[in-house]
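Residue numbers (the UniProt record's numbering): 1 to 361.
A few of these clues could be false.
[Unchecked claim] Simulated restraints on C-beta separations:
1. S331 to E232: 26 to 32 angstroms
2. L347 to A29: 55 to 61 angstroms
3. H309 to V59: 45 to 51 angstroms
4. L347 to V59: 18 to 24 angstroms
5. W92 to T203: 37 to 43 angstroms
[Claimed, not checked] Each computed DMTMM-like pair below joins lysine to aspartate or glutamate, with the alpha-carbon atoms no more than 20 angstroms apart:
6. K255 to D274
7. K255 to E240
8. K255 to E244
9. K255 to E232
No wet-lab data here; the hints were simulated from the structure.
Note that beta-carbon positions come from the ideal geometry of N, C-alpha and C, so glycine has one too.
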Amino acid sequence: MSGAQAAGSPRVGWVEWVRVSAGAVLGLAAVGLLSHFAETGTGWTQAVWLVAPIGASAVIVFALPSSPLGRPWSVIGGNTLGTLMGIVCAAWIGPTWIAAGVAVGAAIALMLQARCLHPPGGAAALLAVLTHTTDWRFALMPVALNSALLVAAAWLWHAATRRPHPAPPEAAEAMLPNTDDLSSAIDAAVTRYGEVLDIDRTTLRNLLEEAQTQAYRQRLDAVSCADIMQREVQVARPDESVAEAQDRLIEHGIKALPVIDRHRQVVGIVTAADLRLNPEGAPSAMLESSTPVAARMTRQVRVVSQTRHLSELIPLFASSGHHHLPVIDASARLVGMITQSDVMRALHRTPQANPTAPPSA
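I would like the entire structure built from these sequences, with the hints used as guidance.
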């Protein structure tokens, strides 16, 4: 793929580079200073007033403000709950290697349930186990305090540099680009956004393509046969002559006639090709006037319900070779006709209430 970016974090402009780096320096320094004052001012007995996982949190809140992993509840809740889980495991599980695995796995499960997934929360759980911390107050100070101060520092920095935190999602376009246009569109959008995104361009493209496919399916599922079918349908009776059926096809410029009984139930279908059949050597006019439609019609007829969706029709037309499908109601009576032309017209119609489709061949 031409113009593809190399693996790893995408490059950003120098302004964003300076903004993010300076924010992390000032923000983490402020967190450390305020936490140290809080520790000395309250007589807190813990020797640690700044924990290492906060450094990882700083990367997310300053460099990835659009990430759900950097939302305030994710940072504060993830680090605090992860630490609490590590404390529990350190107190109740003997071998460190078992306690470490259980603490991180349980922290992830707890963060997912609490909707505050934050990667440094796993590091906070591991820190509590490795330092054999069993005092639950450690989760409040310094961990919860560090996290809250970091969120506040990030909010102030992003506001001062005109980058809201958390960053609001940009309005989506009404129509997604075609697949062939996605690569250049993604590159242009990321460059214009000017911010590191915690998702690589290949995954982003796949998500956009999947969203496009889902939107297309939803649009097809919103249209039923009743919305696009031809309601004024020319029909044939089994006992009428081939000549009469041919005249009707020519008069209305159509290519097929559903054959119905006296209850308007479909018993067959006859096309122009069926009516042109002529045994070799027999007088054509005599045959057409005396041969009933029942002798030429196809008796195995694929019909569709008027409540079926457009998404279900496409495979029928694409794989079965059908060009015309009679539409029936709940009582199996003929109520309309759908052709390939009707389906194509519906596919290209802008999303809106579907008026009754005009008759077509």
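Practice prompt. Provide an ascending list of the numbers of those earlier hints which the structure does not satisfy.
Written response: When the structure is compared with the hints, numbers 1 and 4 turn out to be violated.
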